[in-house]
Amino acid sequence: MLATLENKKKIPAQLQGEFNSLLENTFASEPAWLKEKRKEAFEVFSTEGVPTRKDENYKYTDVKKIFDSKYTATHNKLHKGIAIPPPIAEGNIQLVFINGWLYKDSTLSAKLPKEVVVGNMATDGLGKYSEVLKKHLSSSGDALSQLNAALWTDGAFIYVPAKIILENPIEIIHIATGNNELLASPKHLFVIENNAEAQIIERSISVEAEKYIIVNSFAEVVVGENGKLQYYRIQNDCKNVSQISNIYTTLDKNSHFDTNTISLGNDFVRNNLNIAFEGENSEIHLNGLFVVSGNEFVDNHTAVQHNKPHCQSNQLYKGVLDEKATGIFNGKIFVARDAQKTNAYQSSKNILLSDDATINTKPELEIYADDVKCSHGTTTGQINEDSLFYLRARGLSEESARRLLLVAFANDVLETIKIDALRAYLEELINKKISHNR
Amino acid sequence: MLSIKNLHAGIDGKEIIKGFNLEVKAGEVHAIMGPNGSGKSTLSNILAGKEDYEITSGEIKYKGKDLLEMSIEDRAREGVFLAFQYPIEIPGVSNINFLKTAINEIRAYKGQTPIEAKDFLKLIKEKQALIELQGTLANRSVNEGFSGGEKKRNEIFQMAVLEPILCILDETDSGLDIDALRVVANGVNKLRSKERSFVIITHYQRLLDYITPDFVHVLYDGKIVKSGPKELALELEKKGYDWIKEELAAVK
Chain A
0 MLATLENKKK
10 IPAQLQGEFN
20 SLLENTFASE
30 PAWLKEKRKE
40 AFEVFSTEGV
50 PTRKDENYKY
60 TDVKKIFDSK
70 YTATHNKLHK
80 GIAIPPPIAE
90 GNIQLVFING
100 WLYKDSTLSA
110 KLPKEVVVGN
120 MATDGLGKYS
130 EVLKKHLSSS
140 GDALSQLNAA
150 LWTDGAFIYV
160 PAKIILENPI
170 EIIHIATGNN
180 ELLASPKHLF
190 VIENNAEAQI
200 IERSISVEAE
210 KYIIVNSFAE
220 VVVGENGKLQ
230 YYRIQNDCKN
240 VSQISNIYTT
250 LDKNSHFDTN
260 TISLGNDFVR
270 NNLNIAFEGE
280 NSEIHLNGLF
290 VVSGNEFVDN
300 HTAVQHNKPH
310 CQSNQLYKGV
320 LDEKATGIFN
330 GKIFVARDAQ
340 KTNAYQSSKN
350 ILLSDDATIN
360 TKPELEIYAD
370 DVKCSHGTTT
380 GQINEDSLFY
390 LRARGLSEES
400 ARRLLLVAFA
410 NDVLETIKID
420 ALRAYLEELI
430 NKKISHNR
Chain B
0 MLSIKNLHAG
10 IDGKEIIKGF
20 NLEVKAGEVH
30 AIMGPNGSGK
40 STLSNILAGK
50 EDYEITSGEI
60 KYKGKDLLEM
70 SIEDRAREGV
80 FLAFQYPIEI
90 PGVSNINFLK
100 TAINEIRAYK
110 GQTPIEAKDF
120 LKLIKEKQAL
130 IELQGTLANR
140 SVNEGFSGGE
150 KKRNEIFQMA
160 VLEPILCILD
170 ETDSGLDIDA
180 LRVVANGVNK
190 LRSKERSFVI
200 ITHYQRLLDY
210 ITPDFVHVLY
220 DGKIVKSGPK
230 ELALELEKKG
240 YDWIKEELAA
250 VK
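If you read the sequences in order, they're chains A and B. Taking numbering that gives the first Met the number 0, the leading residue of the first sequence gets 0, the next gets one more, and so forth. Taking numbering that gives the first Met the number 0, the leading residue of the second sequence gets 0, the next gets one more, and so forth.
These are calculated hints, taken from the structure and not from any lab test. A portion of the hints provided could be inaccurate.
Said to hold, decoys possible - If you only want the chain A side, here are some residues facing chain B, beta carbon under 10 Å, derived:
no., residue
1, Glu384
2, Arg391
3, Ala392
4, Arg393
5, Gly394
6, Glu397
7, Leu403
8, Ala407
9, Phe408
10, Ala409
11, Asn410
12, Glu414
Computed from a predicted model, the values in this text were never measured in an experiment. By construction, the Cβ of each residue, glycine as well, lies at the ideal position given by its N, Cα and C atoms.
Construct the complete structure from the given sequences, taking the supplied hints into account.
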């Protein structure tokens with residue numbers, strides 16, 4: 000009994016020290032309510048500990064093993080002279096973060112409509128807009144979300160006030176870098192008010208990440224009445240970087256939220272994508288694509304809460320897995336008792352290119368309303384040999400025929416991306432990844 | 000151009016081709032007719048290089064080279080083209096992208112540079128007109144949602160674009176209405192040349208109303224049992240395949 004209790008309390012030893020040090024230094028000048036929130040979150044994390052495979056939500060995911068090291072969480076703003084990649088499309092509003100801190104040379108477009116804020120949490124969220132932050136900062140999430148709530152230092156702060164339609168996409172770039180074992184904890188807040196619209200691209204890359212880096216991020220997303228948000232995420236770090244990403248989205252009525260999660264190269268990825276419908280007539284599209292090889296591991300957990308009637312959720316997740324890679328898709332759909340006329344669809348399709356690759360998919364439907372349409376489906380297969388023969392019979396090499404078929408498989412997800420330049424950029428990345436796999 | 004000698008082949012241990020011989024010279028059109036189960040599709044699959052078949056003996060020489068030693072794609076790059084009986088639907092791969100990749104890989108094989116974008120577009124336009132293929136079909140995914148006739152037309156369109164030397168048409172007439180049949184046949188006729196040969200595999204004579212063959216062969220039980228001029232096709236159409244079977248039985 001005692002042993003179990005102790006196990007449960009077991010958190011990486013140095014994290015307590017790191018947290019104390021942050022409280023005394025980095026967080027010292029923060030308002031009392033926030034410091035209190037951090038302490039509460041850390042307490043929850045300490046009690047629950049890093050999830051183990053005994054937790055139902057981490058049954059196939061050994062997150063503990065990546066925490067088995069002495070990570071420092073007290074790193075400060077650093078680094079000069081990092082080459083910032085050019086924006087995916089000209090005119091994109093770029094925000095660059097390095098190990099979770101806003102990079103000083105981050106180029107902010109001056110062409111923003113008045114009152115729109117594209118900034119960072121440390122300056123804007125804790126400064127002029129602290130009321131917005133206070134209003135929206137939740138305490139949601141599992142132990143790892145709590146860890147983020149305790150440790151976060153900076154992140155994107157995006158505020159699009161009512162009736163403003165942002166024409167240019169906002170592009171957030173995370174760079175993981177350095178020669179320390181780091182735990183980075185970015186926290187984002189995106190508030191899209193009533194009748195406002197925005198597009199956000201978030202991509203993670205690494206530059207000379209010589210030691211292992213864990214990025215444990217949390218994004219709070221709020222979309223108001225008639226609001227529209229497209230949120231594209233590209234996880235494309237090197238093998239030394241793990242991504243744990245938590246997104247909590249609440250949607251008011253008549254709103255739209257579309258998201259694409261593209262995972263292409265990390266050692267370990269765990270995405271917790273949570274959406275709650277808090278108004279009627281809203282619609283979401285959750286699309287995901289992962290192309291993995293080697294020992295790469297990608298785990299997508301989605302949870303859609305249909306709390307109100309007449310909402311629609313669509314999920315399409317596709318995976319291409321080679322060598323010893325592992326993929327997981329776990330899609331939870333909850334339909335509350337009065338969420339009548341709910342439409343909820345979920346589909347997971349995968350191609351295994353090797354006998355050693357693994358995919359686990361699991362739908363979880365919890366439905367309390369009686370007038371709903373819900374469906375889920377999953378397929379796992381190999382490359383179609385007849386298609387391969389057909390293409391080769393026209394002169395394509397086996398390699399390029401395979402590549403063409405895999406890119407075609409991915410295309411269902413890619414074609415949901417509404418920014419042309421982003422789609423082209425991703426097609427190239429995916430082509431490269433697929434060619435590299437073979 | 001194509002020389003098949005005493006070919007024996009089968010699948011899953013069952014012999015289907017049992018001593019097949021055929022000589023095709025440049026510019027000739029050969030029709031191979033036969034009842035169901037005589038080995039017609041096996042023959043076309045073997046020529047294209049489908050890997051499921053075992054060749055137990057015999058040889059196939061194409062332009063003097065051993066065809067059976069060549070990979071599927073190298074056969075195509077050397078000018079062998081199979082118009083499929085059942086063209087495969089490939090969602091997500093556009094016809095245009097696929098053909099451009101095919102052309103460029105064939106060109107690379109021959110040591111040529113990739114085709115210029117404008118030349119490619121011109122080629123596509125020209126060949127689309129040749130076989131009366133609607134522009135929208137060329138831009139769609141390969142055969143996805145195409146009607147039976149559209150699929151067959153797309154095969155001939157690909158053939159026109161890739162300009163092969165040896166064209167094998169596997170039951171191209173099956174599933175075609177009379178208008179589509181005429182369009183497909185016209186396309187083939189326009190592609191006939193002194194250098195290009197055709198092997199037309201068919202169950203029925205009706206395609207041969209439009210494409211006049213130089214030779215007609217009857218394939219039965221894995222080998223050619225009768226060869227003759229184009230009139231043989233008409234005779235088969237009139238009398239069916241039974242008289243051939245009876246003739247063979249009498250000889251035995």
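Next item on the list: List, from low to high, the hint numbers that the structure doesn't satisfy.
Entry: none
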